[in-house]
Amino acid sequence: MDIKVQFGGGAELLFDNKKHYDISLPSKEKPWIIGDLLFWLKEHLLKERPDLFLQDNSVRPGILVLINDTDWELMDTVNYEIQLNDCIMFISTLHGG
Amino acid sequence: MCSVGDDGDRHMPSNVFVQYYDTKCQKCKLETPIVLLRRKDSYCKDCFLSGTNHKFKSLLGKSKLLRPKDRVLVSYEVGHPSTALLHLIRSGLDLNTPKKLRFEPVFVFLEDQYHLTKDERSQMITRAIAEAEKLKFKMHLVSFAESIMKDDVTIYLNHLNLNDNDGDAINNKFATKINNTNKKEVSNILRRNILLSIAKKLSCKFIFTPELSVDIAANLLTNISLGRGSQVPVDTGFCDDRDKDVKILRPLRSFDKKEVALYNVLHVLEPVTVRQTQDNQYASIQALAKQFINELNENYPATVATVVKTGDKLALDENKVAGNCKLCKGNILKPTEDLTSDESTSFSKLVSNELPDHSISSQERYEKVEGQFEHKAQVDNEYCFSCSKISRFLLSDT
Ligand SMILES: [Zn+2]
Ligand SMILES: [Zn+2]
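Taken in sequence, the protein lines are chains B and G. The first sequence: position 86 = 86 (my numbering), numbered continuously. Each number in my numbering comes from the position in the second sequence (counting from 1) with 1000 added on.
It cannot be assumed that every hint is accurate.
[Said to hold, decoys possible] Below 20 Å or equal to it, Euclidean Cα-Cα: the simulated EDC-like pairs (lysine to aspartate or glutamate) are: (1) G:Lys1205 <-> G:Glu1104; (2) G:Lys1045 <-> B:Asp86; (3) G:Lys1027 <-> B:Asp51; (4) G:Lys1290 <-> B:Asp51; (5) G:Lys1045 <-> B:Asp69; (6) G:Lys1045 <-> B:Glu73; (7) B:Lys19 <-> G:Glu1120; (8) B:Lys47 <-> G:Glu1120; (9) G:Lys1040 <-> B:Asp86; (10) B:Lys4 <-> G:Glu1120; (11) G:Lys1057 <-> G:Asp1168; (12) G:Lys1040 <-> B:Asp69; (13) G:Lys1029 <-> B:Glu73; (14) B:Lys19 <-> G:Glu1270; (15) G:Lys1040 <-> B:Asp76; (16) G:Lys1024 <-> B:Asp76; (17) B:Lys18 <-> G:Glu1270.
[As the list claims (entries may be wrong)] Where chain B lies over chain G, by a calculated footprint (3+ residues, C-beta under 8 Å): (18) 1163 to 1171; (19) 1248 to 1261.
[Stated by the list, open to error] Pair ranges (Cβ atoms, derived): (20) B:Phe39 <-> G:Thr1176: 34 to 40 Å; (21) G:Lys1334 <-> B:Lys42: 55 to 61 Å; (22) B:Asp16 <-> G:Asn1324: 49 to 55 Å; (23) B:Lys47 <-> G:Lys1024: 26 to 32 Å; (24) B:Cys87 <-> G:Arg1067: 25 to 31 Å; (25) G:Glu1382 <-> B:Asp16: 52 to 58 Å.
FYI, nobody ran anything at the bench for these hints, they're computed from the structure. Glycine included, C-beta positions come from ideal geometry on N, C-alpha and C.
Next comes chain G alone, as it looks inside the complex (with noise of 0.2 Å):
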């Protein structure tokens, strides 16, 4: 097994630079590179260009789910992939050849930058604003806080409320002090719930959320490791279908990282940026799983493709879904005779703990242990595994 992390234990070869002074263009074969992607495909100037641009277009061409005059709902986020996204859209829209995109976007900054001063926020604002703008795009704006506490979700154009205690919006939600994890996973489903509601009000049937191949592959560990196992295709795939009017499309989830600093630096795009949380790597899941995906990314690029791909494989049967959690709205499986992997951790835990009681047979000794665990016939929940596990700690159904 290779092991990346922090226990500097490496077994795969890294870092193994090639000299490429001399090499011509991978694509065309002609012009002298100017980026390496991967640590392995050079482009010219040009090739890089109109490869990012093809790939943009045939992802969404591909899908055919977009038609004419479609009104998409654009969430915006401050950074490289939300302005290389706005571009990409922008120069789409404005081609005169059959690849023309032909959807309406409508765009939208649900602000939740809570680590930020209400002066940062609020220059923030404005530099968003003005970089749709100057691509002829009206941004509208939400806050997180006040559609969370007020449970409806307000518009406004040009202006945002902006309080210093809107980062306890989510804290209030809960009843108890919860962990890290728990509250970045609530976060995460109350922003897309508003994404949803966002959509509605301003008659969208798409959404098209910015993230990168980085984001999907630490998102997809994410839900493993919270047991949303069959919540993968549709929290991770290109399209998330879980709503039945609005679906959510991530059209950049091939993209990397470098791809789209880089796409911006040749547009002489420069995206609004704000000053980073000191997240400590070690205090969610969630941080954790980004923190891995990212170091893997550095080291051995070519492989966060492959954790992308392999999530690509992982679908649901849909003859075992019961129903739709009131939270999340994932699917919830259906019961079934086997053991869930929760049910077979605490199976475990009782055997380990037993002591072996050597007066009688080990069939005897088997059949005892087994009286004692109850298979708890996977009654119809409300909520999925997960949600199950947060939803005693809030305050109110959401």
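Here chain B stands alone, though its shape is the one from the complex (with noise of 0.2 Å):
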């Protein structure tokens, strides 16, 4: 399943200091959460330790997560449903001065 990853706000820097990536995903059994997609993530994509970016089974707090131009918060957060064509983005309100 291909979908778009996006990353910002700092959250770049854990990932090889790209901000856009076209990921395609294994086919599996169960469909693919946004929970699934962080640890695919963590194994396949981030570069720096992954404390700066994974807490507990989510994200770290802090890191604002937008599917499709949508606050995660109004989708159920990790447990939605990626869709084909998806673009997920990752803002990091963290790295500032």
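Hey, can you piece these two chains together into the complex? The hints should help.
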């Protein structure tokens, strides 16, 4: 399943300083949910210490997640079922001065 | 009592997620919401953006401090808050309605990112200049280290002289090694004093600083922990009027992180980002207060606003003010007959360490111990209580 993943606000610093990724998720029995994607990102793309991105099966507090430009808190957060061509954005609010 | 922290003991229900799939924006009741603020308020894109603009302008408008043509020094810091602030000002200036902003902003980046390498700092400065230029603003540059070492402020455009050892500026200010809490405190006071000098050099009557509600709440707790209770109104309120010529305003003090970050995303603004300091959260009182407030914000987002509002109710009785502190310019209170909390602590320590002498009556025991305690008629001081604790480490008076 092809989707887009974007990083901003400093979250890209944890992902090889790249802001846009087109990724292909392998097919699996159960639907892909955001929670699965977080672990997939950790395995495949995350370049820095995982605790700067993840905490307790979710993103670290202070990282804002948008699914197709909508706040994931309106979309059941980690349990949202990913659809083909979704664009999932991770914005850090932690990388300031 | 609720307890939030690292003890893992939570008595208040948190993380109660509600399904919002089929709800409508709570403002216009028509559109599909795109954001959920404070775990309860859902807004569509238009209502969120117009609400954000309105909140910014109404705080400035309500204060009635700014007059048309007033020059305002805007202190730039890398990250979402400053990026949003630049854009909010630009869109306010470009309006053609009576709500148009009429002050003249002057931008400055007082650079002190000493946890980065020289190259990283140089890139950061270039990107900060570009970010301002994109909005047709000019960025002034000032080096924090240079200002301290020369004890004077030089304002640059386009370029700043960077040195690898700039980070030692604060350390050199002290005769002996001091703890991180005091170092951070002095650094904050010096930053404020330097910003005031820059404002005066650039003929600005006001300064905007970009603190968000979480910063205000953390500052409030820090001030109280450090014995700066009397300075809470000026240090965390909308307006800091300690200086008679230049007022410091905090126009983002009722915004939270999510609001400014989302504002930037929706306007396709990408803030300048830098590596985070890997601060030990227990290294200083300031870091601890910040950590506590951030956790509070994650788990009980409405509580931070309550902390800020509680702080807003604190005011100082002007009749009790004796003068201003030489270092932080905060109020020094007149001596009173009552024991200060500092003295009460010493008294309690004295009593607790005293072995009871049972050969005398309790009244006599009380008089004996009271006689030993010296109520040091709090003499008129050059420094406020908190600064007097750190001033003895300073090489020179500031
Ligand atoms: Zn709406
Ligand atoms: Zn002081």
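How the hints compare with the structure:
Distance restraint check for Lys1205 of chain G and Glu1104 of chain G: the Cα-Cα separation of roughly 11 Å lies within the 20 Å cut-off, and the hinted pair is therefore satisfied. Proposed proximity of Lys1045 of chain G and Asp86 of chain B is supported: the alpha carbons are some 19 Å apart, at most 20 Å. Proposed proximity of Lys1027 of chain G and Asp51 of chain B is contradicted: the alpha carbons are some 37 Å apart, above 20 Å. Distance hint between Lys1290 of chain G and Asp51 of chain B is fulfilled; the C-alpha atoms sit about 18 Å from each other, no more than 20 Å.
Between the alpha carbons of Lys1045 of chain G and Asp69 of chain B the distance comes to roughly 10 Å, so the proposed pair stays at or under 20 Å and holds. Note on Lys1045 of chain G and Glu73 of chain B: the hinted pairing holds, with a Cα-Cα distance of about 15 Å set against a maximum of 20 Å. Taking the CA atoms of Lys19 of chain B and Glu1120 of chain G, the gap is near 18 Å; set against the 20 Å cutoff, the hint holds. Restraint check: the Cα-Cα separation between Lys47 of chain B and Glu1120 of chain G comes to about 19 Å, which is no more than 20 Å; the hinted pair holds.
For the given pair, Lys1040 of chain G sits about 25 Å from Asp86 of chain B by alpha-carbon distance, which is inconsistent with the 20 Å threshold. Restraint check for Lys4 of chain B and Glu1120 of chain G: not satisfied, since their Cα atoms lie roughly 29 Å apart, outside the 20 Å limit. A hinted pair counts as satisfied when its Cα atoms are at most 20 Å apart, and Lys1057 of chain G with Asp1168 of chain G does not qualify at roughly 40 Å. With a C-alpha separation of about 19 Å, the suggested pairing of Lys1040 of chain G with Asp69 of chain B holds against the 20 Å cut-off.
With a C-alpha separation of about 19 Å, the suggested pairing of Lys1029 of chain G with Glu73 of chain B holds against the 20 Å cut-off. The suggested pairing of Lys19 of chain B with Glu1270 of chain G holds, with an alpha-carbon distance near 11 Å, which does not exceed 20 Å. Note on Lys1040 of chain G and Asp76 of chain B: the hinted pairing holds, with a Cα-Cα distance of about 14 Å set against a maximum of 20 Å. Among the hinted pairs, Lys1024 of chain G with Asp76 of chain B is consistent with the structure: their alpha-carbon atoms are about 16 Å apart, no more than 20 Å.
For the hint pairing Lys18 of chain B with Glu1270 of chain G, the CA-to-CA distance comes to about 13 Å; that is within 20 Å, so the pair holds. For the stretch 1163 to 1171 of chain G, the proposed coverage by chain B is not satisfied: 0 residues have a C-beta within less than 8 Å of a C-beta in that chain, short of the threshold of three. Taking a C-beta to C-beta cut-off of 8 Å, the stretch 1248 to 1261 of chain G contributes 4 residues in contact with chain B, enough for the three needed, and the coverage statement holds. Range check, Phe39 of chain B to Thr1176 of chain G: about 49 Å between beta-carbon atoms, so the 34 to 40 Å window is missed.
Under the hint 55 to 61 Å, the C-beta atoms of Lys1334 of chain G and Lys42 of chain B, about 59 Å apart, fit the expected range. Between Asp16 of chain B and Asn1324 of chain G the beta carbon distance is about 51 Å. The supplied range of 49 to 55 Å therefore holds. Between Lys47 of chain B and Lys1024 of chain G the beta carbons are some 41 Å apart, a value that contradicts the proposed interval 26 to 32 Å. Between Cys87 of chain B and Arg1067 of chain G, the C-beta spacing of about 45 Å breaks the proposed range 25 to 31 Å.
For Glu1382 of chain G and Asp16 of chain B, the Cβ-Cβ distance of about 54 Å falls inside the hinted range of 52 to 58 Å, so the restraint holds.
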